[in-house]
Amino acid sequence: MLSLYRIENGEVQIISCPPQGIRKGEYLSIEDTSTEKSLIIQVVEIDYANVPGILEDILRRSSIHKVNGEDYDPLEIKSYIELVKDAKVLRCKIRGALTRGEFTDDISWIPVRSRSRVVGIPDETLLKLINPSRLLPIQIGRTQKKVRVDIDAKAIDGSLNIISGKKGTGKSHLAKTILLGLIDQGGLCLVFDINGEYTKLDYKSSGERNRFQKKMKVLIPGRNFKVDLRYAGLGSILSIMRSVMDTPGTSTWEFRRIWNSLERRDAISIEEIFRSIDNINHEYVREALFRRFQSLVDTGFFCDDPKSNTAFEEIFAEMNMGGAVILNLKDLPSMIRKIVVEFVLSKLSQLLKRNIARAVFLFAEEAHLYLRDTYWEDIVTRMRHLGVFVTFVTNQPETIKQNVFRQSDNIFLFNFTNENDLKAISRASRIDGYTIESITRELPAHHCLMFGKVTRDLPLVVGIGRLDIQTQGETRFFFTPLETTPEGIVDKSTQNNYQTALQLK
Amino acid sequence: MENMERMVEFDIGTPSFEEIAGLARMSIENMDTYTSTEYPELPWNTAVDEYNRRSNAPINEQEIKHLVPIELRSLNDGTPIVAIDVSILGLGETQCGTIYAIRGTVVSRKEERYRYSRLGPLPFHINIGENETIKERRATDHTILSIDTGRRNPTIICRRLLTVFETMLKRKVAKMYDNAVLLWDGALTIPSVEEEIRATNSLMEVARKRRNSIVGVSKKTCLFSLQGTRDPLQGYQKPCLIDIDSRIQRTQRFLLLGTVYVAKLASDGLLFRLDVDKELPEAERIAAVERMIGNDLTQDGYPETLRLAHIFSKFNATEVIGMHRFLDDNYGLRILEYPNIRRILFGPFAGNHSKEPDAIYAKPV
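Protein sequences appear in the order of chains A and B. Position 157 of the first sequence, counting from 1, maps to 157 under our numbering, and the rest follow consecutively. All you need for our numbering is the position in the second sequence, starting with 1, plus 1000.
Quick caveat, the hints were computed from the structure, so don't treat them as lab data. Incorrect hints may appear among the rest.
Stated by the list, open to error - Across the chosen pairs, the derived CB separations fall in these ranges:
| no. | chain 1 | residue 1 | chain 2 | residue 2 | range |
| --- | --- | --- | --- | --- | --- |
| 1 | B | G1186 | A | P19 | 36 to 46 Å |
| 2 | B | R1198 | A | R117 | 28 to 38 Å |
| 3 | A | R6 | B | G1186 | 41 to 51 Å |
| 4 | A | E76 | B | G1078 | 29 to 39 Å |
| 5 | B | L1345 | A | G120 | 50 to 60 Å |
| 6 | B | D1077 | A | P19 | 42 to 52 Å |
| 7 | B | L1345 | A | N418 | 47 to 57 Å |
| 8 | A | K146 | B | L1345 | 52 to 62 Å |
| 9 | B | H1066 | A | R61 | 26 to 36 Å |
To be verified - The list that follows gives simulated cross-link-like pairs (lysine to any residue, SDA-like), each with its CA atoms no further than 25 Å apart:
| no. | chain 1 | residue 1 | chain 2 | residue 2 |
| --- | --- | --- | --- | --- |
| 10 | A | K78 | B | M1168 |
| 11 | A | K66 | B | M1176 |
| 12 | A | K78 | B | K1314 |
| 13 | A | K85 | B | D1329 |
| 14 | A | K66 | B | R1113 |
| 15 | A | K78 | B | K1220 |
| 16 | A | K66 | B | N1316 |
| 17 | A | K78 | B | I1311 |
| 18 | B | K1175 | A | D73 |
| 19 | A | K78 | B | G1090 |
| 20 | A | K78 | B | R1334 |
| 21 | B | K1314 | A | Y48 |
| 22 | A | K88 | B | R1334 |
| 23 | A | K78 | B | N1316 |
| 24 | A | K88 | B | D1328 |
| 25 | A | K66 | B | G1090 |
| 26 | A | K78 | B | Y1302 |
| 27 | A | K88 | B | D1329 |
| 28 | A | K66 | B | L1075 |
| 29 | B | K1110 | A | N68 |
| 30 | A | K78 | B | C1158 |
| 31 | B | K1175 | A | G69 |
| 32 | B | K1110 | A | R60 |
| 33 | A | K85 | B | A1317 |
| 34 | B | K1314 | A | E82 |
| 35 | B | K1314 | A | N68 |
| 36 | B | K1314 | A | L83 |
| 37 | A | K85 | B | K1314 |
| 38 | B | K1219 | A | L83 |
| 39 | A | K66 | B | Y1302 |
| 40 | A | K78 | B | T1167 |
In this text the structure is predicted, and so the values were computed from the model without any measurement. The beta-carbon is built from N, C-alpha and C at its ideal position, and this holds for glycine as well.
Next comes chain A alone, as it looks inside the complex (with noise of 0.2 Å):
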């Protein structure tokens, strides 16, 4: 049974007695009889209750725990007294109200506590309260009493995302999700992939190919992703060089006239970028240019072959029913890295304000090892109004500032139990700190809290289902157990997969 104890500070307190198995992140309704009103509240906090006797009871109890014996209990009384024993007190926040089945988010009464009756909402009332429309549905997996979760796709549209928690409990795993749901609903993505763990979202867990196959493009700078020095601009250029190499200004200011002649002659290529940067005077500036020019044609991702060029108007054409750009970053050296991003924003920039696409959802997997400083305002501010959608995936939240934060719209939260990262997520979230502290620091792996427009601020526990991919993103062990296969001794964890596997012979 559950009953109304109190309200202070915002904060409901309900006794379940006897306990009903109630867990964190569970909504309750207090149903007030006499205005047909309910209050929408979440247990975020579950406390034994402070029964007077407790600790009398637990000292009789330690001080004869050597002894043995029998109780004989005719009116089996006792199990009363265990009931009252384990009687808790769920420690709620109110989340909204509903008024005669509307949901509104006025909690500026509380109900008469004499008429009010404290009843469990069922996660189908809960999610269609969450999503009423589901014009758009993304499955990513099942509430805690296993009842199927979408979001809808237009949640996510114009949204800014993160996507939070310690390592290995799944954040990866949800982003694919996401990111494959809105490729079925025919969005356009572009994943940074840092780890490598996208390139085979199109192949199923057995092997075969699955649904996805023409919908993945997966781009590996230096390999099958380069740009002719033409189609990458002098805008990208010199932005790559002034925000990744350090270019002085009288260096870029000196690139910029060579560039512009040679463009003037058509005669834009990387021997005669290199010519006119020799024929320059001033012996400190040419060597400035030399070099970085140098490192920028060393990474091997720029050309000056138009047919090597990897134009991004042609693959998202191809996709327009829906398709993902991964990016493969994996075993790049950092300053490459920098530099395809940097590219890729300047460019995807470059093709939005031309209207090439209508938007992206980009995925970017731990942004602060490849995305400068002032690039994340410029994502959540400028890029957002062009059509850049970002999801940000990190086990570091105090990587991301504090006004990213604050602009999110969807917050993904998986375990964590350091104080840090908690503190710094509770300080710049949408909802209150002790709710994430609170539920956070207690997730299963595979399970997220989420908050924001795909739950209208609703904060929800889920449960991430399990997609049939083959995982890329998985770490590889020494000590795992090894199978000897026709092609050498295999590394059984990692044998299904196409990635690498450990080969000794």
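Since chain A is already given, all that's left is putting chain B on it; use the hints.
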């Protein structure tokens, strides 16, 4: 009654205990529809208490100090030590009476192992007085057993109830053990009413027949002061006894079933009053105490078995709430309010010795 199967050691699940449990159940079920068969007179003795209250001449500490203490040896011969304690608690008042809960525990130490059997809690409804409804129904229904106090003080009835229960436990234990030391909480006193004396004598006889030694341990007594500033056994490092029986007035001694000692059961222990079965020869009385300290722990000079029996029997607040739920779920007895007159009147100065009922119950119509 399936729990009875578990009561192996003390074989408590005999009809007489069932009777008590049945009586408890019926007393509540029929609290407002009762006819009454008065429960027979119980072996409850108030005479000694009364005498003690009137006695203005407790034995002087100086007098005790002049008596020669008997040094005790610790006799560890495997004698079973068995202690019994019971407790009663007022759960609340109803329109026609009071609900009490009783519980009793037997703790034994045998082969250096403690074992307990706990009986209860058993809630009883005790009717107070008579009213017209009772009179009318009494005429038509004679079948339901209930407890009717008539015009008597309910406190006395409640104590009698406890005594019935305690006597039942003591009888079970006395029948079950041979050559054991049986520890009772309190002094060994003789009742004043003839039937009560017979019941008590019968209980003592059962124990003696099986060569059990009965020892009553009192934390408080009116015969002498146990909290005196001067310890009459100060300077004695070993456990010892002082026989003060001869110093007790003859009229007072007549009411006692035991020989009275001042006892120090551990070298640094507190003093207690011990009553050892008077019928035993003196050497056996001393030996019984020696076997008690040899076969039981005596931290602070108090037998561990009795301490455990007391701890097991005592009700705490959680259990009271649990019993309230039991009464609500099974008999529809709802707590109407929780008044505490002293608390209302005196606030923080009410103290914690309030005798007002914990709760007021009402049975829904």
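Comparing the hints with the structure gives:
Taking the beta carbon of each, G1186/B and P19/A are about 41 Å apart, inside 36 to 46 Å as hinted. For the pair R1198/B and R117/A, the supplied restraint of 28 to 38 Å is violated, since their beta-carbon distance comes to about 60 Å. Distance hint for R6/A and G1186/B: a CB-CB separation of about 45 Å, consistent with the stated range 41 to 51 Å. The hinted window of 29 to 39 Å between E76/A and G1078/B holds, with their beta carbons roughly 37 Å apart.
In this structure, L1345/B and G120/A break the distance hint of 50 to 60 Å, their C-beta atoms being roughly 43 Å apart. The given range of 42 to 52 Å is respected by D1077/B and P19/A, whose C-beta atoms sit roughly 50 Å from each other. Taking the beta carbon of each, L1345/B and N418/A are about 55 Å apart, inside 47 to 57 Å as hinted. At roughly 57 Å, the beta carbons of K146/A and L1345/B sit within the given window of 52 to 62 Å.
Checked against the hint of 26 to 36 Å, the C-beta distance between H1066/B and R61/A comes to roughly 46 Å, which is inconsistent with it. At roughly 22 Å between alpha-carbon atoms, K78/A and M1168/B fall within 25 Å of each other, so this suggested pair holds. Among the hinted pairs, K66/A with M1176/B is consistent with the structure: their alpha-carbon atoms are about 23 Å apart, no more than 25 Å. Our distance criterion of 25 Å between C-alpha atoms is met by K78/A and K1314/B, whose separation comes to about 14 Å.
A distance of roughly 17 Å separates the Cα atoms of K85/A and D1329/B; the hinted pair therefore holds under the 25 Å criterion. With a C-alpha separation of about 9 Å, the suggested pair K66/A and R1113/B falls inside the 25 Å cut-off, and the hint holds. As the CA atoms of K78/A and K1220/B are separated by approximately 32 Å, the hinted pair breaks the 25 Å bound. Of the pairs offered as hints, the one joining K66/A and N1316/B holds, with about 21 Å between alpha carbons and a cut-off of 25 Å not exceeded.
Pair hint K78/A plus I1311/B holds up; C-alpha atoms about 16 Å apart against a cutoff of 25 Å. Only pairs whose Cα atoms come within 25 Å are accepted, and K1175/B paired with D73/A is accepted, the gap being roughly 22 Å. Only pairs whose Cα atoms come within 25 Å are accepted, and K78/A paired with G1090/B is accepted, the gap being roughly 18 Å. For the proposed pair K78/A and R1334/B, the alpha carbon gap of about 19 Å is at most 25 Å, so the pair holds.
For a cut-off of 25 Å, the pair hint linking K1314/B to Y48/A stands: about 23 Å separates their Cα positions. Of the supplied pair hints, the one linking K88/A and R1334/B holds, its CA atoms being roughly 22 Å apart against a limit of 25 Å. Between the alpha carbons of K78/A and N1316/B the distance comes to roughly 13 Å, so the proposed pair stays at or under 25 Å and holds. Distance restraint check for K88/A and D1328/B: the Cα-Cα separation of roughly 20 Å lies within the 25 Å cut-off, and the hinted pair is therefore satisfied.
Taking the CA atoms of K66/A and G1090/B, the gap is about 31 Å. The hint is violated against a cut of 25 Å. A hinted pair counts as satisfied when its Cα atoms are at most 25 Å apart, and K78/A with Y1302/B does not qualify at roughly 29 Å. Annotation: proposed proximity of K88/A to D1329/B holds, straight-line Cα distance about 19 Å (limit 25 Å). For a cut-off of 25 Å, the pair hint linking K66/A to L1075/B stands: about 24 Å separates their Cα positions.
A distance of roughly 12 Å separates the Cα atoms of K1110/B and N68/A; the hinted pair therefore holds under the 25 Å criterion. Between K78/A and C1158/B the CA atoms are separated by roughly 23 Å; this keeps the pair inside 25 Å, and the hint holds. For the proposed pair K1175/B and G69/A, the alpha carbon gap of about 19 Å is at most 25 Å, so the pair holds. Of the pairs offered as hints, the one joining K1110/B and R60/A holds, with about 21 Å between alpha carbons and a cut-off of 25 Å not exceeded.
Taking the CA atoms of K85/A and A1317/B, the gap is about 10 Å. The hint holds against a cut of 25 Å. Under the criterion of a C-alpha separation no larger than 25 Å, the hint pairing K1314/B with E82/A is consistent with the structure, at around 16 Å. For a cut-off of 25 Å, the pair hint linking K1314/B to N68/A stands: about 18 Å separates their Cα positions. Distance restraint check for K1314/B and L83/A: the Cα-Cα separation of roughly 19 Å lies within the 25 Å cut-off, and the hinted pair is therefore satisfied.
Taking the CA atoms of K85/A and K1314/B, the gap is near 17 Å; set against the 25 Å cutoff, the hint holds. A threshold of 25 Å between alpha carbons decides the hint, and for K1219/B with L83/A the separation of about 35 Å lies outside it, so the pair is violated. For the hint pairing K66/A with Y1302/B, the CA-to-CA distance comes to about 19 Å; that is within 25 Å, so the pair holds. Restraint check for K78/A and T1167/B: satisfied, since their Cα atoms lie roughly 24 Å apart, inside the 25 Å limit.
The earlier numbered hints that this structure contradicts are 2, 5, 9, 15, 25, 26 and 38.
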